[in-house]
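All chains should be modelled from the sequences, with the hints used to inform the complete structure.
Each protein sequence line maps, in turn, to chains A and B. Each residue of the first sequence is one higher than the last, beginning at 103 in the working numbering. Each residue of the second sequence is one higher than the last, beginning at 103 in the working numbering.
One or more of the hints may lead you astray.
[Claimed, not checked] Here are the simulated DSS-like pairs of lysine-lysine, each with C-alpha atoms no more than 27 Å apart in a straight line:
id, chain 1, residue 1, chain 2, residue 2
1, B, Lys110, A, Lys173
2, A, Lys110, B, Lys110
3, A, Lys173, A, Lys110
4, B, Lys173, A, Lys110
5, B, Lys110, B, Lys173
It should be emphasised that the hints constitute simulated quantities derived from the structure, not laboratory data. Fair warning: this is a prediction, and the values are worked out from it, not measured in the lab.
2 protein chains.
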Amino acid sequence: MERVPVLKIGDILLVSIQIDMQDQTAVQLQEDLAERIVQTGCHGVIIDITALDIVDSFVGRMLATIASISKVLDAETVVVGMRPAVAITLVELGLSLNGIRTALNVERGIELLARSDDELEYDDEDIDSTEAEPVAKSP
Amino acid sequence: MERVPVLKIGDILLVSIQIDMQDQTAVQLQEDLAERIVQTGCHGVIIDITALDIVDSFVGRMLATIASISKVLDAETVVVGMRPAVAITLVELGLSLNGIRTALNVERGIELLARSDDELEYDDEDIDSTEAEPVAKSP
Chain A
103 MERVPVLKIG
113 DILLVSIQID
123 MQDQTAVQLQ
133 EDLAERIVQT
143 GCHGVIIDIT
153 ALDIVDSFVG
163 RMLATIASIS
173 KVLDAETVVV
183 GMRPAVAITL
193 VELGLSLNGI
203 RTALNVERGI
213 ELLARSDDEL
223 EYDDEDIDST
233 EAEPVAKSP
Chain B
103 MERVPVLKIG
113 DILLVSIQID
123 MQDQTAVQLQ
133 EDLAERIVQT
143 GCHGVIIDIT
153 ALDIVDSFVG
163 RMLATIASIS
173 KVLDAETVVV
183 GMRPAVAITL
193 VELGLSLNGI
203 RTALNVERGI
213 ELLARSDDEL
223 EYDDEDIDST
233 EAEPVAKSP
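What follows is the structure in structure tokens.
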């Protein structure tokens with residue numbers, strides 16, 4: 103069985119889909135990716151679909167599932183490299199890839215993930231300062 | 103025809119080979135890669151072969167050709183993700199991938215390329231200082 107490799111680059115896991123996804127390949131990829139997220143503690147997943155000529159409802163569902171699994175494991179998913187023709191077909195098919203973030207290419211995907219990380223850290227600081235307040239007020 | 107995508111990540115072009123390479127796909131990949139090197143000015147090429155179960159003489163030759171083309175275009179090539187079984191088969195076949203640098207995974211490949219870049223810069227400095235010497239001695 104063919105297997106889609108999951109490549110670790112810094113804090114990001116990169117998956118480049120080039121083969122026709124079948125049920126079995128899709129399930130295997132989801133398992134591999136979930137395992138790698140837990141094993142590496144990465145917070146970002148980039149799925150590159152440059153090589154795909156068509157994204158049908160099966161692939162669309164697979165991308166959504168991967169995004170959901172990653173989210174549960176505290177990792178954000180960005181789909182990159184969508185061709186113009188694929189975007190047109192997707193909309194014509196009525197598939198809008200709800201809940202999936204996209205970026206033009208891998209580099210922009212990395213930037214997007216880095217920005218989300220920053221926002222997250224900012225949120226954390228906010229929470230810290232709110233928690234610190236009552237302590238400061240106590241005698 | 104299937105096409106292997108070339109992904110740009112910083113100063114590196116990443117190619118993950120997942121499909122069976124045929125004559126036509128290999129030639130297309132070489133053309134695409136050469137074009138992207140010129141277009142982006144990247145100095146490093148990483149070829150990931152995690153997904154390959156076997157590297158025969160055809161793929162071995164293709165890797166060597168890609169490395170040679172990249173070198174001419176001032177880019178260094180590192181092949182990463184070779185499976186243990188592939189390494190064993192390669193040696194048994196008498197193919198030692200001469201002139202091709204390898205690394206265990208993408209991250210180590212990136213480190214290797216970064217180190218070569220440093221060495222290159224160091225070399226440049228050396229040349230500069232040697233060139234500067236006669237000037238300093240001149241009256």
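Quick rundown of the hints versus the structure:
A threshold of 27 Å between alpha carbons decides the hint, and for lysine 110(B) with lysine 173(A) the separation of about 26 Å falls inside it, so the pair holds. Restraint check for lysine 110(A) and lysine 110(B): the C-alpha separation of about 15 Å stays at or below 27 Å, so the hint holds. Distance check on the hinted pair: lysine 173(A) and lysine 110(A) sit about 18 Å apart at the alpha-carbon level, within 27 Å; holds. Taken as a hint, the lysine 173(B) and lysine 110(A) pair is honoured in the structure, with Cα atoms around 26 Å apart against an allowance of 27 Å.
Pair hint lysine 110(B) plus lysine 173(B) holds up; C-alpha atoms about 18 Å apart against a cutoff of 27 Å.
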